[in-house]
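Q: Here's the letter readout for the chains.
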Amino acid sequence: MASSSSSSSCSSSSEKKITLKSSDGEALNVEKNVALEFEPAKGFLEDNSEEADDEAIVVPLPNVSAAVLSELIPYVKQRLELSAKPVQKKLIKAFDDQFTRHLSDDKLGELMLAANYLGVNYLLDVLCDVTADRIKNKSVEYVREFLGIQNDFTPEEEAELRAQCPWAFEGVDQD
Amino acid sequence: MHDMATSSLAATNTTSSGSGSISTIHPDIIETHVLSRLDASALASTSCVSSQLHSLIASNESLWTNICNSTWPSTDIPRLRHVISSFPKGPRSFFSDSFTNPDIAASSSPVNLDCPSGLISAVDIYYQHKTVLSKAVLTESFDTSPFRVDLLDPKDSVPTGVGQPVNEDLSRELGERLTLSWILIDPIGRRAMNLSSYKPVTVERRSLSTGEVHVRYGWVFNAGEKGSTTECVRCGISVTCEGSQNQSGEMHVTKVSLELEDMYGKQLSGKDSLVILRKGMAGKRGNVKGREEEGKRRNEDYREMRREKILSEVKKHQGRIDTLYMAFGALIFASLGCTPEHLIFRSFQTLNSKDQCPCKKQLSVNFDNLHVFILMIVPWITYDPENPLQVNSSYSNSVRRPSYHLSMDPPSPADTAPASSSIFTVHPDIMKTHVLTRLDASALASASCVSSQLYSLTSYETLWTNICNSAWPSTNTPRLRRVISSFPKGARSFFSDSITNPDNATPSSLNLDLPLELISAVDIYYQDRHIFGKVVKTETFEGSPFRIDLLDPQDSVPTGLNQPFNEGEGSELSDYFRLSWILIDPIGRRAMNLSSCKPVTVERWRFMTGKVRMRYACVFSTGEDEFVHCEIMVKCKGSQSGEMHVRKVRLLLEDTCEKQLSGKDGLVTLLKGMVGKRVIVRGREEEAKRRYKTHLKMSMEKMQLASELRTRQRRLVEASFVASFLLILGLFVFVGWI
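Those protein sequence lines, which keep their order, are chains A and B.
Residue numbering for the first sequence follows the UniProt record's numbering, starting at 1 and increasing by one per position.
Residue numbering for the second sequence follows the UniProt record's numbering, starting at 1 and increasing by one per position.
By construction, these hints were calculated from the structure, which means they are not laboratory data.
It should be emphasised that the depicted structure is a prediction, and the values quoted were computed from it without experimental measurement.
Please note: incorrect hints may appear among the correct ones.
DEER-style ranges, computed between Cβ atoms [stated by the list, open to error]:
hint : chain 1 : residue 1 : chain 2 : residue 2 : range
1    : B       : Ser51     : A       : Thr154    : 12 to 22 Å
2    : B       : Arg690    : A       : Glu39     : 49 to 59 Å
3    : A       : Lys90     : B       : Thr540    : 32 to 42 Å
4    : A       : Thr154    : B       : Glu542    : 22 to 32 Å
Dumping the calculated BS3-like pairs for lysine-lysine here, alpha-carbon to alpha-carbon at most 25 Å [unchecked claim]:
hint : chain 1 : residue 1 : chain 2 : residue 2
5    : B       : Lys296    : B       : Lys284
6    : B       : Lys693    : B       : Lys677
7    : B       : Lys598    : B       : Lys309
8    : B       : Lys489    : A       : Lys138
9    : B       : Lys637    : B       : Lys598
10   : A       : Lys107    : B       : Lys432
11   : B       : Lys659    : B       : Lys697
12   : B       : Lys130    : B       : Lys89
13   : B       : Lys432    : A       : Lys136
14   : A       : Lys136    : B       : Lys489
15   : A       : Lys42     : A       : Lys32
16   : A       : Lys138    : B       : Lys432
17   : B       : Lys672    : B       : Lys637
18   : B       : Lys689    : B       : Lys702
We put the beta carbon where it would ideally sit given N, CA and C, even for glycine.
Start from the sequences and build out the full structure, keeping to the hints where you can.
A: Next up, the structure:
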C-alpha cells in the first residue's frame, strides 16, 4: 500500500520540500514524497492543499522528537528508493536488518512509538519483529528490564504462574 | 484483586473513624485490658489491623511472653526466657515458630555445623488441658548414635494425678487424654519448631500388673531429596506411664524420649539428626489447623511407605538370595556326597528341629522356611537386612528418573527499576497487536510472568488459539476449539498440557460411571511440513485390548513423499517423520501428548511394496516399578505411483510385562496420566527413546524372571514328588522289614 502511493507521488513531486516541526521545536526539511509517508503529515497537507506554496507549509508533529525524526527520514527515503525499483525482497530485508541491527533497546522503543504515531506500517513491522526476537528465549527478569516493567506479582503469584508453564523456561538464553 | 483488598481496607477505615467507635478508647485501656485478654491468633490478627495497633502489640513484649508461658509452662525458666528474647522479634517469633510443625525441610542448612551448639527441648504434657509435666533439657553432644533425647532420668518419675486404669478401655482413654508438645529450640540459629502431633498416634497397654501404658506421638516431615533415605523423617516421641509402687494407684510418667527414623525405619545418628532438625526449622511449616489429624495421617502414610520400601528392597534381593540358596544347596550336596532326594529330606529334617513351625504339610511352606533359614545363616556374605540400601544403592540411583525442579529466584525489586520511557508503558496496544503476536509459545508464557498487566494482555484467547492451531493444525476444528476454550485457562492451558508428555500417573479416584470419552488429535509432519492431521473421538472402552485406530481400514493418506529405495533413505525418513498425538479428556478438561515426536524404531517391513513401520512411544510410570508403554504405530506403504501413503495409525497400551491393557484399564491409566506430573519438554525425544529402551529391557527381564520362576517351581515339584515317592517306598520297605 505504502509503496504504491509512494511510486505514484515519487516522479511528480520529488523536488518539493516540506518542513516538519518536531516536538522539541526543530524544523526539518524533507522531500514531499517522504513527508507523504507519514499519516499525520499527509492529512495535514491534504487539508491545506489550497495553499499554493508548499515551502511555506510547516507540518507540526508534536509526538516525535527531532532526534528520532532525523533517524526516520533517511530510512524512509532509502526504503522508498528501494521499493520504487522492480523489487528484490532480499535487498529490502538486508537493508532493514542493517538498519535495526545496531539499534539500542531504548532507541527501538522510541522508533516504534514514532512509527506507530506516523503510521509507517512497514517500519513498525520490522521493529516489532526485532522486538519479538529480542524477547524470545529470554528470562522473565530480562523481559522485565527490557520492557521497563515493575513486577507487581507477589512471589507466590509469580511462582504459581511459573509452575503452570515450566516448559517455557527450559530453553532460556543467558541474559 | 489488589484493588478489592485496598478498597475493603478503605471501607473499614472509614467506619472505624466514626464517633463513638471502639478505636477512640484510650490506647492504654486497649493495651492493658483488651490485648492481655486475647489469645495468640487474635493478638496476631489484631496486630495486622493498623500500624498503631501493630506498634502497640510489638512494643509490649510481655504480652507475647505471657502467651508463650501460659501455653507452654516449660518455657517459663530464666534461661529459656533469655533465649526467647534473643529471637528476631522476641517471644512473638518464638511463638509462631513453636506453634507450627515442620513440613518440608530447607534444602541447605543455614548454620555452620562446626560451631559448638546445643538444642533445647521444652516439653509439656497435659492431661485434659491441665499441665502434668513441664521440663526443658539441653542436648549438647550429638556424637552418640542413634540420636535420642531423654527428658527424664532413669529413676525420675512424675506423678500425673490420674489413677491407674483397671482395664483396656480406661488405659486407652488415659492415653487419648494426654497431649504433648515438644518444642525444639536452636538457641544459636534462633529458630524453634514443634515436633509433636499433640494427640497420641498410638496408645498401647504394655503390662497388666504395673498398668504400664505406652503412648506415642510423632511427626513426619520431608527432610531430604526425593529418593534419598531421609526423604521422610519421623520424629517419634514415646511416653511411658506406669502405676506407682506405693499402692496409691496414681500413674507416673517414667520415660519421655525423642528419636528420629529415616524411610527404612532406621534410627538416625546424632550428627545426621542435628542437620535434619536444623533444616526442618529453616524450612516450610505445616498448617496449624487440623494438625492432630494430619500428624496421625502422616504417621500412617509413613508406616505404609516404610513397609513398601522394605518390601521392594527385599524383593530386589530375592534373586541374589536365590542364587545363594542354590550355592548353599550345592555345598551341602557336595559335602554329603549323596543323592538330591536325600539332601532335600535331610534339610527338611534340620529345619523341623530348628524352628517349631506347626504347619509342615506342604513342601512349599518348607521351602519358605528354608529360605528364612539360609537368611539366618549367611547374612554376612552379602545381605544386610539392617541396611538393605547400601548394597543396592547404585542400582536404584541409576534407575530413578531425574526429577525436574524449577529453579526460581524471585528477582529483587531493585534491578527492575522502570526505565523512563519504555515502549510498553507508553503504548500497550503496540505490544498487544504487533509484538505479542510475533512471539512463540515459550516467549509468550514467560512474558505472561513479567507483570499482571502483561499477563492480562497475553491471556487474550486468540493469541493462544493461533499458537495451538499453527503447532497442531488438527486442533483447528470447530468442535475441538469449543473443547479447548472450555479448559481452565482456555487455549493457554491446552497448549501447556498438550506439549508435555506424562511422567508419573497420579492415583486419583475417578468416577467411571460417567460417560467418558477421549479425543485424539493427531498430526504428522515431514520435516516442518504438515502432512496430515485428524481428530477421532473414542467413546466406548468396552473392547479389549485398548486401542485407537486413526484411519479406517480402507483409508490411505498420501504423504507427498517418494518411496524410499534403500536403507539410507529409510533411516532418513525416520529422522524427519514427526508425529504428535494429543489425547484430550473433554470432561476432565486435561490433555497430554503421547508421542515421542520422533520415531523410536523404524522397520522396513517389505522391500517390494516399500512398507515402512514406525513406532512412536511414550512410557510413563503408574506406580512403584510399574510402567505403561503407549505405543503408536504408523504403517506406510508405497502406492502404484511410487508415492508413500500412510495406511495405519494406531495407539496401543502395554504394561510392564508387555501385556496389552484392556479398554477400561487403559482409560483409567490414561486419565491418571493426564492429572500427573509431566516430563520436561526439552530433549523429550531423547528421553522418550531412552525410556522406551529401558522399558524393553525391563519387560524382558521381568519375563525372563517369570519363566525362570516357573521352571524352578516345576523342578521343585518334581523333586518333591521323587522325595515323597522314595519316602513312601522307604516306609513300605521298613514296614515290610518289620
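Q: Would you mind marking each hint as holding or not holding in the structure?
A: The hints, checked one at a time:
For Ser51/B paired with Thr154/A, a C-beta distance near 20 Å keeps the hint of 12 to 22 Å intact. Look at Arg690/B against Glu39/A: about 57 Å separates their beta carbons, and that is inside 49 to 59 Å. Against the hinted window of 32 to 42 Å, the Cβ-Cβ separation of Lys90/A and Thr540/B comes to about 56 Å, which falls outside the hint. A hinted range of 22 to 32 Å is violated for the C-beta pair Thr154/A and Glu542/B, which are about 49 Å apart.
As the CA atoms of Lys296/B and Lys284/B are separated by approximately 19 Å, the hinted pair is consistent with the 25 Å bound. Under the criterion of a C-alpha separation no larger than 25 Å, the hint pairing Lys693/B with Lys677/B is consistent with the structure, at around 21 Å. For the given pair, Lys598/B sits about 36 Å from Lys309/B by alpha-carbon distance, which is inconsistent with the 25 Å threshold. Note on Lys489/B and Lys138/A: the hinted pairing holds, with a Cα-Cα distance of about 24 Å set against a maximum of 25 Å.
Between Lys637/B and Lys598/B, the direct Cα distance comes to roughly 19 Å. Compliance with the 25 Å bound is thereby established for this hinted pair. Between Lys107/A and Lys432/B, the direct Cα distance comes to roughly 19 Å. Compliance with the 25 Å bound is thereby established for this hinted pair. Distance hint between Lys659/B and Lys697/B is fulfilled; the C-alpha atoms sit about 15 Å from each other, no more than 25 Å. A distance of roughly 29 Å separates the Cα atoms of Lys130/B and Lys89/B; the hinted pair therefore is violated under the 25 Å criterion.
A distance of roughly 15 Å separates the Cα atoms of Lys432/B and Lys136/A; the hinted pair therefore holds under the 25 Å criterion. Restraint check for Lys136/A and Lys489/B: the C-alpha separation of about 22 Å stays at or below 25 Å, so the hint holds. Between the alpha carbons of Lys42/A and Lys32/A the distance comes to roughly 9 Å, so the proposed pair stays at or under 25 Å and holds. About 18 Å separates the Cα atoms of Lys138/A and Lys432/B, which keeps this hinted pair within 25 Å; it holds.
Taking the CA atoms of Lys672/B and Lys637/B, the gap is about 35 Å. The hint is violated against a cut of 25 Å. Straight-line distance between C-alpha atoms of Lys689/B and Lys702/B comes to about 20 Å, which keeps the hinted pair within the 25 Å bound.
Hint compliance for this structure: hints 3, 4, 7, 12, 17 are broken, all remaining hints hold.
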